[in-house]
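Using our numbering, read the sequence shown as starting at 1 and increasing by one per residue.
Be aware that a few hints might be false.
As the list claims (entries may be wrong) - Quick list of simulated restraints, FRET-style, between CB atoms:
#, residue 1, residue 2, range
1, 163, 63, 22 to 28 Å
2, 111, 151, 22 to 28 Å
3, 137, 179, 19 to 25 Å
4, 109, 142, 18 to 24 Å
5, 170, 72, 14 to 20 Å
6, 117, 173, 44 to 50 Å
7, 155, 179, 31 to 37 Å
8, 151, 12, 22 to 28 Å
Bear in mind the hints are in silico, worked out from the structure with no lab data behind them.
Quick reminder that beta carbons are idealized off the backbone N, C-alpha and C, glycines included.
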Amino acid sequence: MAMSSRESATALKRTVIIAIFAAVAVVLSIVEAQIPLAAMGMMPGAKLGFANIMILTCIYFLRGRDAFMLVILKTLLTSFLLGTFSSLLFSLFGSLLSFVVMFLLIRFTGKRLSVIGVSIAGGLAHNTGQLVAASMVFNSTTILYYLPILLITGIVTGILVGFAVRYLMASLSRISLFEEFLDGRSY
């Protein structure tokens, strides 16, 4: 069945938003990769999760499948530009687990859980997913000893990302491109 012109316009807007969000997420990942976190006292492998700002914003504004597509795009592009196969695998595990957790929390709690709470859960899930992937790749559970430290890191970065998402959603909700995706919500 052919789409109406309104449906076509909405589909085009979704595609444009996903492309913009993917580009911003990749740029944020590249910027983040340049920050010497180990020199700042953070453990090796810890990340700030700036790209998750765009993922979580997409989950709130668009459909789950749109956000899933963004997760895949961001992960593939970032790994291609910055990493190796193993970083792709770790990032994919972490990103997919984080996406599923955040999507389900938003879906089933609505506004009862704040953006910051959802972001913290996403950060915890991302770090857990990456460690599980590393444990499987290296066939060792020893790496799981990093989990407590990475969970603390996930909470802190989840708070920072959550505040950024809350600010970004409030700003984007005032732009006409995003109006039809608000469903009566205000941020």
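For each hint, the structure was consulted:
The hint said 22 to 28 Å for the Cβ distance between residue 163 and residue 63, and at roughly 25 Å that hint holds. Against the hinted window of 22 to 28 Å, the Cβ-Cβ separation of residue 111 and residue 151 comes to about 25 Å, which satisfies the hint. Evaluation of the 19 to 25 Å hint for residue 137 and residue 179 yields a failure: the beta carbon distance comes to about 44 Å. Checked against the given bound of 18 to 24 Å, the beta carbons of residue 109 and residue 142, roughly 35 Å apart, lie outside it.
About 27 Å separates the C-beta atoms of residue 170 and residue 72, a value inconsistent with the hinted range of 14 to 20 Å. Checked against the given bound of 44 to 50 Å, the beta carbons of residue 117 and residue 173, roughly 20 Å apart, lie outside it. Range check, residue 155 to residue 179: about 34 Å between beta-carbon atoms, so the 31 to 37 Å window is met. Checked against the hint of 22 to 28 Å, the pair residue 151 and residue 12 fails, with Cβ atoms roughly 41 Å apart.
Consistency with the previously given hints fails for numbers 3, 4, 5, 6, 8, ordered from lowest to highest.
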